[in-house]
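Chemist: Sequence:
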Amino acid sequence: MESGDSNIIFHVISVFFNMSWQIFWPLAFGLILSSFIRNLLPVDTVVKHLGKTDVKSLSFTTLLGMMSSSCSYAAASLSHTLLAKKATIANAMAFLVSSTNLIVEMFIVLVALMGWTFLWGEVIGGLILIATVGFLFSRFYPKDVEQELRQHIANAVPQQKASCGMDMSNMKHDTSDRCMDMPNMKHDTSDCGMDMSNMKHDSSDCGMDMSNMKHESSDCGMDMSNMKHESNDCGMDMSNMKHDSNDCGMDMSNMAMPSKNDTGVMAKITKSASFFQMDLAMIGKEILIGVVVSSILIALVPQEGWRALFISNDAGLPAWLHSLLDVIIGIFVAMIAYVCSVGNLILAAALWHGGISFGGVIGFILSDVLTIPMMRVYQKYYGKRPTKWMVGLLFMAILFTGLCVDAIFNGFGWVTTDQTLRTLNQSGFGMNMTTVMNLIFIPLSIWYYRLGKKANAGMGMSM
Numbered sequence: 015m016e017s018g019d020s021n022i023i024f025h026v027i028s029v030f031f032n033m034s035w036q037i038f039w040p041l042a043f044g045l046i047l048s049s050f051i052r053n054l055l056p057v058d059t060v061v062k063h064l065g066k067t068d069v070k071s072l073s074f075t076t077l078l079g080m081m082s083s084s085c086s087y088a089a090a091s092l093s094h095t096l097l098a099k100k101a102t103i104a105n106a107m108a109f110l111v112s113s114t115n116l117i118v119e120m121f122i123v124l125v126a127l128m129g130w131t132f133l134w135g136e137v138i139g140g141l142i143l144i145a146t147v148g149f150l151f152s153r154f155y156p157k158d159v160e161q162e163l164r165q166h167i168a169n170a171v172p173q174q175k176a177s178c179g180m181d182m183s184n185m186k187h188d189t190s191d192r193c194m195d196m197p198n199m200k201h202d203t204s205d206c207g208m209d210m211s212n213m214k215h216d217s218s219d220c221g222m223d224m225s226n227m228k229h230e231s232s233d234c235g236m237d238m239s240n241m242k243h244e245s246n247d248c249g250m251d252m253s254n255m256k257h258d259s260n261d262c263g264m265d266m267s268n269m270a271m272p273s274k275n276d277t278g279v280m281a282k283i284t285k286s287a288s289f290f291q292m293d294l295a296m297i298g299k300e301i302l303i304g305v306v307v308s309s310i311l312i313a314l315v316p317q318e319g320w321r322a323l324f325i326s327n328d329a330g331l332p333a334w335l336h337s338l339l340d341v342i343i344g345i346f347v348a349m350i351a352y353v354c355s356v357g358n359l360i361l362a363a364a365l366w367h368g369g370i371s372f373g374g375v376i377g378f379i380l381s382d383v384l385t386i387p388m389m390r391v392y393q394k395y396y397g398k399r400p401t402k403w404m405v406g407l408l409f410m411a412i413l414f415t416g417l418c419v420d421a422i423f424n425g426f427g428w429v430t431t432d433q434t435l436r437t438l439n440q441s442g443f444g445m446n447m448t449t450v451m452n453l454i455f456i457p458l459s460i461w462y463y464r465l466g467k468k469a470n471a472g473m474g475m476s477m
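Numbering (this note's numbering), first residue to last: 15 to 477.
It is worth saying that the hints were derived from the structure and are not from the lab.
Treat the hints loosely; a few may be bogus.
As the list claims (entries may be wrong) - In silico DSS-like links for lysine-lysine, alpha-carbon gap of 25 Å or less:
| # | residue 1 | residue 2 |
| --- | --- | --- |
| 1 | 100 | 66 |
| 2 | 282 | 468 |
| 3 | 282 | 100 |
| 4 | 402 | 100 |
| 5 | 398 | 157 |
| 6 | 100 | 398 |
| 7 | 299 | 398 |
| 8 | 467 | 394 |
| 9 | 299 | 467 |
| 10 | 66 | 157 |
| 11 | 62 | 100 |
| 12 | 299 | 157 |
| 13 | 299 | 402 |
| 14 | 100 | 157 |
| 15 | 282 | 62 |
| 16 | 282 | 467 |
| 17 | 100 | 394 |
| 18 | 299 | 394 |
| 19 | 468 | 66 |
| 20 | 402 | 157 |
| 21 | 157 | 62 |
| 22 | 100 | 70 |
| 23 | 468 | 394 |
| 24 | 468 | 157 |
| 25 | 299 | 468 |
Said to hold, decoys possible - Ranges of calculated distance between the beta carbons of each label pair, as one might list FRET restraints:
| # | residue 1 | residue 2 | range |
| --- | --- | --- | --- |
| 26 | 303 | 23 | 16 to 24 Å |
| 27 | 279 | 333 | 17 to 25 Å |
| 28 | 77 | 125 | 18 to 26 Å |
| 29 | 399 | 446 | 39 to 47 Å |
| 30 | 62 | 27 | 45 to 53 Å |
| 31 | 70 | 24 | 48 to 56 Å |
Beta carbons: idealized from backbone N, C-alpha and C, even for Gly.
Start from the sequences and build out the full structure, keeping to the hints where you can.
Modeler: Structure (structure tokens):
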């Protein structure tokens with residue numbers, strides 16, 4: 015008995031490490047990409063292309079999703095970034111489903127494991143789902159709930175800004191502090207504060223880029239990379255601002271050229287890394303829980319156990335009812351048994367062998383955005399009520415898509431009857447693409463995380 019228990023524990027651990035190995039590089043790549051987009055993508059660019067929901071914006075967000083990571087957690091982070099950049103919720107959700115279902119690596123696995131019919135089912139289903147999500151979220155997501163969602167995103171900014179050591183609203187200092195003479199900015203001579211009234215202010219960002227005199231509240235902290243500074247001046251980073259250390263004031267009318275060490279590519283990488291570190295601090299626990307639960311389910315529940323959930327074709331039910339029940343059950347199974355993209359498709363093949371309908375398979379595959387760990391991530395990002403509406407509309411969209419795909423493929427006789435589906439080698443270890451990418455992204459992500467943690471610590475942020 016003890017030997018049997020040891021074997022089970024060993025099997026669970028083996029599945030856990032195998033799954034972690036498979037999903038590490040796409041997860042790291044997606045989160046790193048998200049951090050760069052958040053830092054570098056201008057708000058006006060997102061608003062221009064994704065600030066309204068139409069065919070053009072949905073096409074743009076679909077292409078953007080196809081070029082991003084297939085990891086659901088990374089997709090959630092990227093969609094959260096788009097919402098923070100003022101994209102519509104319909105476009106953000108369309109990006110979420112496109113980046114998890116219309117990506118090249120999934121297409122390759124589908125063909126290798128289940129054949130071309132399922133590939134085209136996934137492509138057609140993905141496009142139907144994007145259109146359905148765009149329609150449902152633009153028409154039925156309540157405006158007051160959307161305002162609550164955006165307020166929840168905005169409320170995350172002051173918490174970060176409060177720990178940055180700067181209060182931009184008052185900026186009052188003790189007279190013992192160094193004062194600043196900023197000829198282009200108003201200030202109260204009675205204290206050592208600043209009135210930022212002559213600088214551009216964008217409420218979506220939380221920091222200041224003093225090189226362009228632009229204040230952005232979503233960037234926690236101040237980036238004054240074009241000014242020289244002394245590190246003890248009023249708690250601000252003015253690395254390239256000229257000043258006389260013997261004077262009480264600083265004349266900002268003359269600025270030195272940016273130094274190579276504090277500006278350019280490295281400064282942007284450092285700032286992006288700070289977002290990467292904050293994202294991992296926010297959703298890292300949910301990712302770990304999801305992988306652990308998935309590993310246990312894969313290791314302990316045999317394929318026959320999953321097959322028993324579905325209704326046999328011999329039950330005598332009408333075709334439409336059989337399809338409806340299978341799609342619902344497929345979504346439910348995906349919600350409680352989420353695995354990485356490869357593992358998800360392996361389980362989909364097992365369910366197809368067990369008698370699930372074609373639409374049920376597609377519904378199961380599309381539901382990787384509705385897993386319990388993913389819903390916990392949504393709740394952290396957006397709050398409880400916005401998440402409930404989000405999950406409800408996504409469920410309806412996936413259910414509708416599964417039924418449409420089932421009707422289309424059965425109606426045209428495209429559904430394959432071949433049950434001899436090829437088996438995919440689930441082992442991620444060995445000299446293969448996964449190993450090569452992990453050898454790149456494991457040290458890269460560790461360095462990037464430590465860089466971001468150091469940057470956030472330097473701003474007084476504890477994440």
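Chemist: Decide, hint by hint, whether the structure agrees.
Modeler: Hints, verified against the model:
1. Straight-line distance between C-alpha atoms of residue 100 and residue 66 comes to about 10 Å, which keeps the hinted pair within the 25 Å bound.
2. Proximity of residue 282 to residue 468 is assessed by CA-CA distance (about 14 Å); at most 25 Å being required, the pair is judged to hold.
3. Taking the CA atoms of residue 282 and residue 100, the gap is about 21 Å. The hint holds against a cut of 25 Å.
4. Taking the CA atoms of residue 402 and residue 100, the gap is about 21 Å. The hint holds against a cut of 25 Å.
5. Between residue 398 and residue 157 the CA atoms are separated by roughly 15 Å; this keeps the pair inside 25 Å, and the hint holds.
6. Between residue 100 and residue 398, the direct Cα distance comes to roughly 20 Å. Compliance with the 25 Å bound is thereby established for this hinted pair.
7. At roughly 18 Å between alpha-carbon atoms, residue 299 and residue 398 fall within 25 Å of each other, so this suggested pair holds.
8. Distance check on the hinted pair: residue 467 and residue 394 sit about 20 Å apart at the alpha-carbon level, within 25 Å; holds.
9. Restraint check: the Cα-Cα separation between residue 299 and residue 467 comes to about 17 Å, which is no more than 25 Å; the hinted pair holds.
10. Distance restraint check for residue 66 and residue 157: the Cα-Cα separation of roughly 14 Å lies within the 25 Å cut-off, and the hinted pair is therefore satisfied.
11. Distance hint between residue 62 and residue 100 is fulfilled; the C-alpha atoms sit about 10 Å from each other, no more than 25 Å.
12. Our distance criterion of 25 Å between C-alpha atoms is broken by residue 299 and residue 157, whose separation comes to about 31 Å.
13. Between the alpha carbons of residue 299 and residue 402 the distance comes to roughly 21 Å, so the proposed pair stays at or under 25 Å and holds.
14. At most 25 Å may separate the alpha-carbon atoms for a hinted pair to count; residue 100 and residue 157 meet this at roughly 15 Å.
15. For a cut-off of 25 Å, the pair hint linking residue 282 to residue 62 stands: about 23 Å separates their Cα positions.
16. For the given pair, residue 282 sits about 15 Å from residue 467 by alpha-carbon distance, which is consistent with the 25 Å threshold.
17. As the CA atoms of residue 100 and residue 394 are separated by approximately 18 Å, the hinted pair is consistent with the 25 Å bound.
18. The hinted pair formed by residue 299 and residue 394 meets the criterion: a straight-line CA distance of about 11 Å does not exceed 25 Å.
19. Distance hint between residue 468 and residue 66 is unfulfilled; the C-alpha atoms sit about 37 Å from each other, more than 25 Å.
20. Under the criterion of a C-alpha separation no larger than 25 Å, the hint pairing residue 402 with residue 157 is consistent with the structure, at around 14 Å.
21. Between the alpha carbons of residue 157 and residue 62 the distance comes to roughly 21 Å, so the proposed pair stays at or under 25 Å and holds.
22. For the hint pairing residue 100 with residue 70, the CA-to-CA distance comes to about 17 Å; that is within 25 Å, so the pair holds.
23. Our distance criterion of 25 Å between C-alpha atoms is met by residue 468 and residue 394, whose separation comes to about 24 Å.
24. Between the alpha carbons of residue 468 and residue 157 the distance comes to roughly 39 Å, so the proposed pair goes past 25 Å and is violated.
25. At most 25 Å may separate the alpha-carbon atoms for a hinted pair to count; residue 299 and residue 468 meet this at roughly 21 Å.
26. Checking the proposed 16 to 24 Å range against residue 303 and residue 23 shows it holds: the Cβ atoms sit about 18 Å from each other.
27. Here the CB-CB span from residue 279 to residue 333 is close to 59 Å, at odds with the stated 17 to 25 Å.
28. One distance hint, 18 to 26 Å for the beta-carbon pair residue 77 and residue 125, holds here, with the actual separation near 21 Å.
29. Restraint check, residue 399 to residue 446: a C-beta distance of roughly 44 Å satisfies the suggested window 39 to 47 Å.
30. Distance hint check: the CB atoms of residue 62 and residue 27 are about 49 Å apart, consistent with the given range 45 to 53 Å.
31. Our hint of 48 to 56 Å for residue 70 and residue 24 holds, since their Cβ atoms are close to 53 Å apart.
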